[in-house]
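The listed protein sequences correspond, in order, to chains A and B. Per this note's numbering, the very first residue in the first sequence carries number 15; after that it's consecutive. Per this note's numbering, the very first residue in the second sequence carries number 642; after that it's consecutive.
It should be emphasised that the hints constitute simulated quantities derived from the structure, not laboratory data. A few of these clues could be false.
Said to hold, decoys possible - Partial chain A-side listing against chain B, Cβ under 8 Å, derived:
#1 Gly41
#2 Gly61
#3 Lys69
#4 Lys85
#5 Arg86
#6 Thr87
#7 Arg88
#8 Thr92
#9 Tyr117
#10 Pro121
Since this is a predicted model, take the numbers as computed values, not measurements. Where is the CB? At the ideal position from N, CA and C, for every residue including glycine.
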Amino acid sequence: MVANDLLKGTLRTIILKLLSENKELYGYEMTQKVEEQSNGAIKLTFGALYPVLHKLEAEGILKTRKQELGKRTRIYYTLTQLGKKTATVKMAEFAEFVKTMRYILHPAIK
Amino acid sequence: MNVISEAEIDFIANDLCSKGLTDQVLREQILDHIVCMLEQEEHVSTGYNFISSYQTLISDLGYKKVAGIQREVLLAKNIPLQNLTRIQFMIAGMSTLLLIAWLYVKKSSHMFGIFAFTTSMLLFITALVPISWYIFCQKHQARKLRLLSCLGCILALITGSGILANYLDIRSGSVFLQSIFIFFFCISVPLFLIGSSHKKVPISSLVYYNLFLLAVGAGLYHVYISSQP
């Protein structure tokens, strides 16, 4: 399992990456995809996920679409144009960060 | 895959509501999330039981956690709310300081009249800020904050009207002056009721705010009475 403090800083990037690969996703679907792609190492809780989703929406990075499913409503998230650009930048930044961390953790590998 | 009935969905919605989840969008999202989790849950040997599955799933989602998630979402949705919270605390602090200052000045200085007038005016102006906040919160469906804003209105109005009544010397027996005091006090009640009458506001919040209001009102009344010569 990935520690919560590590996950907190990377959650935005994870969400942006997921949405750049999928046209639209809803909250539960995101948690499932993350768990599946990380082989169960990352388990997102709704307590961590939804505040970030709302923040990204407020920043104009994500937009939503509502779908009525009987007595419940499902909210789908999609990247906006700004979101697509942000996703590219964030993923590049994170890849660079991972590379740097690898150098720090394993100085012999260069 | 388990099938969750409409009655069970209603049950979850009501439970989330009772836990203080008043933000409609967030409640819809968490409701859908929980229903999805319940639908996907596997019960090979025991079979599916809604209540036990739901209780297990929700066991770590207490009031504090729900309030925390909701606060984060509200703040994420609307950054100015952070500033509004700060303003509300400033108003409360300022009102208290002015009240204390007024009590001190009243006993030790002949300038009481001017000071009391200034403070009462200031308090009435600050009362307008919670009212505008109330309108803002209503617009943004921030119901818990709307309750707080009502509380702010009431505190400011009670304090302000108390000071004004004392300044105008309510003890002179003037029916007109007494009417002013009662009028301002009465305005605060419907304001509170408007804020708290929303059907989705949990009962626990109402009880809490009513008790808090009662305690504050009693405290202010005590201060007012004890300040009389």
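Each hint tested on the structure:
Because the smallest distance between the Cβ of Gly41(A) and any Cβ of chain B comes to about 5 Å, under 8 Å, the interface hint for this residue holds. With its C-beta approaching chain B no nearer than about 5 Å, Gly61(A) sits inside the 8 Å limit, and its interface hint holds. About 4 Å separates the beta-carbon of Lys69(A) from the nearest beta-carbon of chain B, less than 8 Å, and the hint is met. The interface hint given for Lys85(A) is met, as the beta carbon of that residue sits about 4 Å from the closest beta carbon of chain B, less than 8 Å.
The interface hint given for Arg86(A) is met, as the beta carbon of that residue sits about 5 Å from the closest beta carbon of chain B, less than 8 Å. Because the smallest distance between the Cβ of Thr87(A) and any Cβ of chain B comes to about 4 Å, under 8 Å, the interface hint for this residue holds. Look at Arg88(A): its Cβ gets to within about 5 Å of chain B, closer than 8 Å, so that hint holds up. Violation of the interface hint for Thr92(A) is found here, the shortest Cβ-Cβ separation to chain B being roughly 15 Å, above the 8 Å cut-off.
Interface hint status for Tyr117(A): violated, as the beta-carbon distance to the closest one in chain B is roughly 34 Å, over 8 Å. Against a cut-off of 8 Å between C-beta atoms, the interface hint on Pro121(A) is violated, since the closest Cβ of chain B lies about 38 Å away.
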